[in-house]
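Note that our numbering has the sequence shown beginning at 1, numbered continuously upward.
If you are wondering where the hints come from, they were derived from the structure by calculation, not from laboratory data.
Virtual Cβ for every residue (Gly too), placed ideally from N, Cα, C.
A hint or two may mislead.
Now the in silico label distances, taken between C-beta atoms and shown as ranges [unchecked claim]:
no.	residue 1	residue 2	range
1	N239	R129	40 to 48 angstroms
2	R297	G62	43 to 51 angstroms
3	T362	S213	46 to 54 angstroms
4	P344	A296	12 to 20 angstroms
5	R282	G231	29 to 37 angstroms
Lysine-lysine pairs mimicking DSS-like chemistry, simulated, CA-CA at most 30 angstroms apart [to be verified]:
no.	residue 1	residue 2
6	K88	K66
7	K215	K280
8	K66	K53
9	K384	K53
10	K341	K378
11	K88	K53
12	K88	K280
13	K66	K215
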Amino acid sequence: MVFLNFVTIRNIARSIVRSRYTLHHRPYHCSMAKAKDALYCEIDAEPLSRYRKGGYHPVHLGDQLKSGRYQILHKLGWGGYATVWLAKDNQLDRSVAIKIMVSELGPEHQEASIYQRLSHGPASHPGRRYIPELFDHFELYGPNGVHHCLVLELLGAAATSVAENFATSRLPGRLAWDVARQVVQAVAYMHGVDVVHGDLHPGNIVFVDESISGKPHEDIIRSMGPPTTGGIHGQTLTNHIPRYLVLPSPLPLSSTKSDQCAIKIIDFGSAFLSGNRSPKMRCPLPYRAPEAVLTARWGIKADIWCLGCTIFALIVGYPPFDSFLFTENELARQWIATFGKLPPEWESEFISVDLEPSDVETTDFSEWLCETYLDDDKPPFFSKTDLQAISVMLRPLFRFLPSDRPSAEEVLLDPLFRNQAFDKR
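Please work from the sequences and hints to get the whole structure.
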């Protein structure tokens with residue numbers, strides 16, 4: 001019998017993940033599979049099982065919302081807790097994005113109030129520009145309940161889509177670093193007004209395409225492609241379910257090449273005010289902070305751990321911890337392998353059979369960053385010396401105890417950010 005040590009197993013998993021992993025995260029895989037007496041649809045969209053009381057609102061192209069002010073034009077995307085639509089604001093004749101939440105979130109859902117709080121922070125802070133503008137919010141009454149709706153500015157392509165547009169499947173080095181700097185500034189601004197994002201990862205970073213806001217609605221739809229719909233089959237439809245699903249179509253890629261860009265952080269559905277009771281963390285498992293996994297008690301410094309994972313992923317193309325055949329216990333093993341023994345107060349939370357420090361072979365974080373960035377036969381922007389400096393900047397973000405991690409403002413004081421180390425290459 002052959003036994004493989006932990007690092008060998010992780011490297012095998014990494015090779016598998018590398019061939020299929022993207023920065024994109026989606027909570028559900030596809031709509032309900034075709035089965036006898038079950039509803040099904042041929043297109044890959046949100047699960048039909050979520051069209052029920054407490055779930056999604058059934059939306060059709062051309063629907064008028066808020067007494068006719070907003071008209072649904074196309075579908076931008078969906079997640080576990082909302083669908084997002086391109087719409088026309090008939091009152092102001094502009095294109096907007098409308099996020100329609102599942103009704104089970106209830107009146108305690110505070111995303112609109114979070115956006116409002118963020119809009120009243122100091123205008124002079126450089127991170128404020130990276131927060132989307134909330135134009136309007138309202139409640140939508142439907143067969144599945146009462147749905148909170150947010151009307152937001154229309155932005156450009158997600159970082160995930162932009163990365164996939166390059167042959168390396170990751171952002172070019174200078175662009176990745178520019179995005180990383182803006183994300184740190186955005187987090188510093190959020191934390192300055194006591195907002196915890198709670199779901200920070202590259203899938204919630206979008207590029208700003210200034211040209212979108214001025215385009216006619218028809219041109220935007222043309223650039224996205226006409227809506228693709230798929231009929232729903234298997235049972236007699238009720239009013240809880242739409243007549244068809246619409247295939248999500250991302251906005252076209254911006255003109256971003258490999259140097260300058262502007263981004264915004266989206267999806268404040270898991271956000272809350274620092275000091276308030278933390279909700280269940282919905283962030284993708286590879287990005288979750290240890291306290292959110294092991295204790296379920298987490299706060300503002302959990303964003304700092306997520307920030308470290310996000311910067312790593314922007315540079316390398318995937319996060320520092322594997323997402324292939326992943327469990328919370330496996331994630332904790334990887335933390336131990338990379339950063340050492342867990343704090344004593346957390347060891348009892350880590351349930352593992354006969355786990356001893358000798359059972360987990362460690363790997364140096366700096367070496368791990370260099371290995372993952374340099375071993376793909378991709379032309380490197382960052383040298384090994386650069387990566388070692390980046391690892392020195394990132395390492396404090398991965399301290400196990402939240403109180404030991406730096407603030408986002410302190411991260412910005414690192415010489416790599418303060419001296420604009422990579423801006424002139």
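**Message:** With the threshold set at 30 angstroms, check whether the alpha-carbon distance from K215 to K280 stays at or below it.
**Reply:** At roughly 39 angstroms apart (the allowed maximum being 30 angstroms), K280 and K215 break the hint.
**Prompt:** Is it true that the CA of K341 sits at most 30 angstroms from the CA of K378?
**Reply:** 34 angstroms, violated
**Item:** Pairwise hint evaluation, K215 against K66, where the allowed Cα distance is 30 angstroms at most
**Value:** Roughly 23 angstroms separates the two Cα atoms, so the pair holds.
**Request:** Evaluate the given range 29 to 37 angstroms for the C-beta pair formed by R282 and G231.
**Result:** 31 angstroms, holds
**Request:** Could you grab the alpha-carbon distance between K66 and K53 and see if it respects the 30 angstroms cut-off?
**Result:** Cα-Cα ~21 angstroms, so holds.
**Request:** Go ahead and decide if the range 40 to 48 angstroms is satisfied by the Cβ distance of N239 to R129.
**Result:** Distance hint for N239, R129 holds at roughly 43 angstroms.
**Message:** A range of 12 to 20 angstroms was offered for this pair. Does it hold for the Cβ distance of P344 and A296?
**Reply:** 19 angstroms, holds
**Asked** Do T362 and S213 keep their Cβ atoms within the hinted range of 46 to 54 angstroms?
**Response** For S213 against T362, whose Cβ atoms are near 50 angstroms apart, the range 46 to 54 angstroms holds.
**Item:** Range hint 43 to 51 angstroms (beta carbons of R297 and G62) holds or violated
**Value:** 46 angstroms, holds
**Item:** Holds or violated: K88 to K53, with C-alpha atoms at most 30 angstroms apart
**Value:** 27 angstroms, holds
**Message:** K384 and K53 were given as a pair; does the straight-line alpha-carbon distance stay at or below 30 angstroms?
**Reply:** 54 angstroms, violated
**Given pair status - K66, K88, alpha carbons within 30 angstroms** = Holds. K88 to K66 sits at ~12 angstroms (cutoff 30 angstroms).
The structure does not agree with the numbered hints 7, 9, 10, 12 stated previously, though it agrees with the rest.
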